[in-house]
Amino acid sequence: MDYRAAFPLAFGVFAIGALWLVLSARKAYPRSERAGGQRGTAWVQADVPYAVIALLFLAFDMEMIYMFPWAVAYLRVGMVAFWDMFVFAAILFVGLVYAWKRGAFEL
Amino acid sequence: MNVLTNAAYALLLFAIGTFLTATLDTAIRERVWHPKRLVQNISQLVDALLRSDPGHKRIDRVLFFGAAPLAVAAVSVALLVVPVGNWGLAGPSLKVGVFFYLVVLDFLAVALLMAGWGANHKFGTEGAFAVVAQLVSYVVPLGFAVTGAVMAAQSLAATAAVQAQKGLWFGLWQPLGLAIYLVATFGQTFRPPADLPLSEDSNVLIEHHGAGEALLRIALYGIWFSAAAMGATLFLGGWRGPWLPGPLWFVVKTAALLALMSWAGKRYRRLTLKQMLRGAWLILIPASIVNVIIVGLILMVKR
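Read top to bottom, the protein sequences are chains A and B. Throughout the first sequence, residue numbering follows our numbering, covering 1083 to 1189 in sequence. Throughout the second sequence, residue numbering follows our numbering, covering 6 to 308 in sequence.
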């Protein structure tokens, strides 16, 4: 019912957190106590092996979103709803197997 | 007024839940538990919160300092839809509560991504990539597992799911859904053994110190608590139970899930990026689609 609480809460907590970070500057960690320290920047080669999976993720995430309204109306619609989703899921399954065979998960 | 009480509810739940979760986790991980340890932890936390987080010269200031506030904001908003009991205010009955929760949950991953990327450190960048890998792996199985509960409840409100479990808990006739939900929760809340972004050489918290690090760690405990609470609500009947008052049942069930996950984190070795991606896409996602179909069949037969 009450969506209104979400926005003031999010902005309020964010503002207080940010303010805290600014105001907590009373005493800093001495350089020697900080783990990591700065050894070079992030300008290095990095391996992102899941680029294809990230694309697949977009398709499956969208399917998940379609599934929520379907799930809410499921019992009201009846058997038709079941077959609809069965076909939908089957097509997705074929897509998953295709991606698998093409080596999307060979990381 | 309603807005204020709801916000206070979420913040109170955040504070109490995070405290109890951290205490429970420490007790299980260290086997022995002593009140002295608790005092020590609290004093360490207060000390960290009072220290500044200076960063270094080459950080991306907006991302680096925005991460911690975003993380705590995400957790407090997520807890807005977790119902603790059946008295008037509890669990503001947001009509799309479950979906709202799934969406807000991802903001923690965004915050950790910002924390790691903004640090401008090679380990932080590695950690940021690991965060995205986990997001890409575990959002979909988590959503499909929740879909089973939504189908049975015929509503997206968390309170409706609790009401619908009057007879039999969803977790009892959807064991596959509950199992997938729990496994995906490890990845979504970055708990060990799925805590690759928090490990030594791919660490999003690197270069974060003092208040910034403390807030991010609080948010990590908070999101874990919220996920266990949502699991108890959707699959274990939430605050519903005999004899005891509602909130007590809620605490017992949530604590049981937290204890199980904490034990598993101690028991199993940290997963690698490859194990998480392959495990999620070749086991969890197919299994969760099968789960939706099984639940659909059972519901149609029962009707």
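In case anyone wonders, no lab produced these hints; they're calculated from the structure. If you're wondering where the values come from, they're calculated on a predicted model, not measured in any experiment. Note that CB positions come from ideal geometry on N, CA and C, so glycine has one too. One or more hints might be untrue.
Unchecked claim - To be clear about the criterion: a stretch of chain B counts as covered by chain A if any three or more of its residues have a C-beta under 8 Å from a C-beta of chain A, and this derived list gives those stretches: (1) 116 to 128; (2) 274 to 285.
As the list claims (entries may be wrong) - Calculated cross-link-like contacts (lysine to aspartate or glutamate; reagent style EDC-like; alpha-carbon spacing at most 16 Å): (3) B:271 with B:65; (4) B:127 with B:35; (5) B:279 with A:1129; (6) B:279 with A:1188; (7) B:271 with B:200; (8) B:127 with B:205; (9) B:279 with B:200; (10) B:127 with B:65; (11) B:127 with A:1188.
Unchecked claim - Here are some chain B residues the structure puts well away from chain A; computed CB gaps all over 10 Å: (12) 21; (13) 25; (14) 41; (15) 42; (16) 70; (17) 71; (18) 104; (19) 134; (20) 222; (21) 257; (22) 260; (23) 269; (24) 271.
Unmet hints by their number, sorted upward, for this structure: 3, 4, 11, 16, 17, 18, 19
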